[in-house]
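Take the given structure of chain A and dock chain B to it, following the hints.
The lines below spell out each chain.
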Amino acid sequence: MNLVIIGLGLLPLLRLVILGYQDDLTANPIEFITRSTGTWALVFLCITLSITPLRKISGWSNLIKYRRTCGLMVFFYACIHFSIWFWLDHDWSITEMLRDVVKRPFITMGFSAFVLLIPLALTSNRWAVQQLKRSWSKLHRLVYVIAVLVILHYFWHKSGKNDFQTVSIYAFVIGSLLLYRLKK
Amino acid sequence: RLAATANPKYFLSDKPTSYKDVTSYNNFYEFGTDKTDPARNAHTLKIRPWTVSVEGLVNKPKVWDIDNLIKLAPLEERVYRLRCVEGWSMVIPWIGYSLANLIKAAEPQGSAKYVEFISLADPKQMPGVNNRVLDWPYTEGLRLDEAMNDLTLLTFGLYGEILPKQNGAPVRLVVPWKYGFKSAKSIVKIRITDKEPATSWKVSAPYEYGFYSNVNPAVNHPRWSQATERRIGAEGGIFAPKIKTLPFNGYAEQVAHLYKDMDLRKFF
Numbered sequence: 001m002n003l004v005i006i007g008l009g010l011l012p013l014l015r016l017v018i019l020g021y022q023d024d025l026t027a028n029p030i031e032f033i034t035r036s037t038g039t040w041a042l043v044f045l046c047i048t049l050s051i052t053p054l055r056k057i058s059g060w061s062n063l064i065k066y067r068r069t070c071g072l073m074v075f076f077y078a079c080i081h082f083s084i085w086f087w088l089d090h091d092w093s094i095t096e097m098l099r100d101v102v103k104r105p106f107i108t109m110g111f112s113a114f115v116l117l118i119p120l121a122l123t124s125n126r127w128a129v130q131q132l133k134r135s136w137s138k139l140h141r142l143v144y145v146i147a148v149l150v151i152l153h154y155f156w157h158k159s160g161k162n163d164f165q166t167v168s169i170y171a172f173v174i175g176s177l178l179l180y181r182l183k184k
Numbered sequence: 051r052l053a054a055t056a057n058p059k060y061f062l063s064d065k066p067t068s069y070k071d072v073t074s075y076n077n078f079y080e081f082g083t084d085k086t087d088p089a090r091n092a093h094t095l096k097i098r099p100w101t102v103s104v105e106g107l108v109n110k111p112k113v114w115d116i117d118n119l120i121k122l123a124p125l126e127e128r129v130y131r132l133r134c135v136e137g138w139s140m141v142i143p144w145i146g147y148s149l150a151n152l153i154k155a156a157e158p159q160g161s162a163k164y165v166e167f168i169s170l171a172d173p174k175q176m177p178g179v180n181n182r183v184l185d186w187p188y189t190e191g192l193r194l195d196e197a198m199n200d201l202t203l204l205t206f207g208l209y210g211e212i213l214p215k216q217n218g219a220p221v222r223l224v225v226p227w228k229y230g231f232k233s234a235k236s237i238v239k240i241r242i243t244d245k246e247p248a249t250s251w252k253v254s255a256p257y258e259y260g261f262y263s264n265v266n267p268a269v270n271h272p273r274w275s276q277a278t279e280r281r282i283g284a285e286g287g288i289f290a291p292k293i294k295t296l297p298f299n300g301y302a303e304q305v306a307h308l309y310k311d312m313d314l315r316k317f318f
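Top to bottom, those sequences are chains A and B.
The letter at position 162 of the first sequence is residue 162 when you use UniProt numbering, and the numbering goes up by one with no holes.
Going from the second sequence to UniProt numbering is simple: count from 1 and add 50.
If we strip away everything but chain A, and leave its shape as in the complex, we get (with noise of 0.2 Å):
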């Protein structure tokens, strides 16, 4: 079953691989494939994050064993998302690539999402699950902070052209998740 995840996962990277084949990528390639990489990242937050209600409404406990895979699609997106603009925007500057940081705030909140992301992929095995014991879920609700980091990326992204239909859905999704956790 997780394989089938992988491997359904992947079809959103296919599917820019062959659009790029066919020179199908829009006039502005390199947008193109950072927005679509971005969105992957968010759908599979979304995913992750909706494993838990999901399994306390169905029932389904076995489900859990599905939230890794899911989490670790979200860090592959995103490192993915991350690398195009490190790469194409910055050309591996980190120096350029920090003066971005703290100039647009859109790009601070996509990038803290990101470097948090990083302590919850490295301790995704179940070694580190096993060391950190208590430590790991305290850690693991990173998760939370991260989704809001996301949206406010996405959010401010929109906001110099009042563009805010979509975004809003994605809101409206990670916040009724969120939601959902504090009541309980």
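Think of the hints as simulated: they come from the structure by calculation, not from any bench.
Mixed in with the good hints there might be a few duds.
Unchecked claim - Below, simulated DSS-like cross-link-like pairs (lysine-lysine); rule was C-alpha separation at most 27 Å, straight line:
#, chain 1, residue 1, chain 2, residue 2
1, B, LYS239, A, LYS161
2, B, LYS316, A, LYS158
3, B, LYS85, A, LYS103
4, A, LYS158, B, LYS294
5, A, LYS158, B, LYS252
6, B, LYS294, A, LYS161
7, B, LYS85, A, LYS161
8, A, LYS103, B, LYS292
9, B, LYS292, A, LYS161
10, B, LYS294, A, LYS103
11, A, LYS161, B, LYS245
12, B, LYS316, A, LYS161
13, A, LYS158, B, LYS292
14, B, LYS174, A, LYS161
15, B, LYS154, B, LYS112
16, B, LYS85, A, LYS158
17, B, LYS252, A, LYS161
18, B, LYS174, A, LYS158
19, A, LYS161, B, LYS70
20, B, LYS252, A, LYS103
21, B, LYS316, A, LYS103
Using the frame of chain A, we list chain B on its own:
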């Protein structure tokens, strides 16, 4: 097709952006905010009959029929750089004539200082107008001397064809030394005034978009740098390096004098 004579004065050695990219990657919010929306949605725009009203502080106001307006002056082909405020650029062979021809024909009065351009905003033809991204109709403006500058092109076509609808048919403005949004599309009204027009983007976000909006690598957008740009369709595909943005988009020689006593950081 739209016949025009190439104007050798406005020729660029830069390779023109492909017709496909020019006509499929557009900011034209009346048809949606996504770059691919205009090409998909603009077919509902009716470009005949079409009139352009020239009014305000002029001795000869007139409502022009588009087919007469095209014939006001000889059509020229001019290859211009287009720099979007978002940090990408294109090179486009436009067809039109200097806006100055039309303004002179209207005989501006002594008190005239500005020119306001108003685009069509018909929710029946333009699905994006139902979306309150901006205050419709889209309104742009230039100072009279900017509007009279030879570079300012009243544009009816591109690549030897009449303007595709997604590019602002049947008539638009092209002001190559300013960010792309200053070049109003699908214009229905041109008004000569004595006050600075309230332009759509400035009204929407005054800290981000000024009235002048000259291409200026030294003045950053509040949220990003304007020092470099990505040329659409550049050799090397996605690995092509970004290029340096030029002051006034490379047209400083023709237009820098218009701003010689102005602080362009303040009047951005």
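Here's how the hints hold up against the structure:
With a CA separation close to 24 Å, the supplied pair LYS239 of chain B and LYS161 of chain A stays within the 27 Å bound. Only pairs whose Cα atoms come within 27 Å are accepted, and LYS316 of chain B paired with LYS158 of chain A is accepted, the gap being roughly 25 Å. In summary, the hint linking LYS85 of chain B to LYS103 of chain A is supported, as the alpha carbons are separated by about 25 Å, within the 27 Å threshold. Between LYS158 of chain A and LYS294 of chain B, the direct Cα distance comes to roughly 25 Å. Compliance with the 27 Å bound is thereby established for this hinted pair.
Taking the CA atoms of LYS158 of chain A and LYS252 of chain B, the gap is near 17 Å; set against the 27 Å cutoff, the hint holds. At roughly 25 Å between alpha-carbon atoms, LYS294 of chain B and LYS161 of chain A fall within 27 Å of each other, so this suggested pair holds. For the hint pairing LYS85 of chain B with LYS161 of chain A, the CA-to-CA distance comes to about 13 Å; that is within 27 Å, so the pair holds. In summary, the hint linking LYS103 of chain A to LYS292 of chain B is supported, as the alpha carbons are separated by about 19 Å, within the 27 Å threshold.
A distance of roughly 24 Å separates the Cα atoms of LYS292 of chain B and LYS161 of chain A; the hinted pair therefore holds under the 27 Å criterion. Of the supplied pair hints, the one linking LYS294 of chain B and LYS103 of chain A holds, its CA atoms being roughly 19 Å apart against a limit of 27 Å. Taking the CA atoms of LYS161 of chain A and LYS245 of chain B, the gap is about 26 Å. The hint holds against a cut of 27 Å. A distance of roughly 22 Å separates the Cα atoms of LYS316 of chain B and LYS161 of chain A; the hinted pair therefore holds under the 27 Å criterion.
A distance of roughly 23 Å separates the Cα atoms of LYS158 of chain A and LYS292 of chain B; the hinted pair therefore holds under the 27 Å criterion. Of the pairs offered as hints, the one joining LYS174 of chain B and LYS161 of chain A holds, with about 23 Å between alpha carbons and a cut-off of 27 Å not exceeded. Annotation: proposed proximity of LYS154 of chain B to LYS112 of chain B holds, straight-line Cα distance about 12 Å (limit 27 Å). Straight-line distance between C-alpha atoms of LYS85 of chain B and LYS158 of chain A comes to about 14 Å, which keeps the hinted pair within the 27 Å bound.
Distance restraint check for LYS252 of chain B and LYS161 of chain A: the Cα-Cα separation of roughly 12 Å lies within the 27 Å cut-off, and the hinted pair is therefore satisfied. Note on LYS174 of chain B and LYS158 of chain A: the hinted pairing holds, with a Cα-Cα distance of about 26 Å set against a maximum of 27 Å. For a cut-off of 27 Å, the pair hint linking LYS161 of chain A to LYS70 of chain B stands: about 25 Å separates their Cα positions. Restraint check for LYS252 of chain B and LYS103 of chain A: satisfied, since their Cα atoms lie roughly 21 Å apart, inside the 27 Å limit.
Simply put, LYS316 of chain B and LYS103 of chain A have alpha-carbon atoms about 19 Å apart, close enough for the 27 Å limit, and the pair holds.
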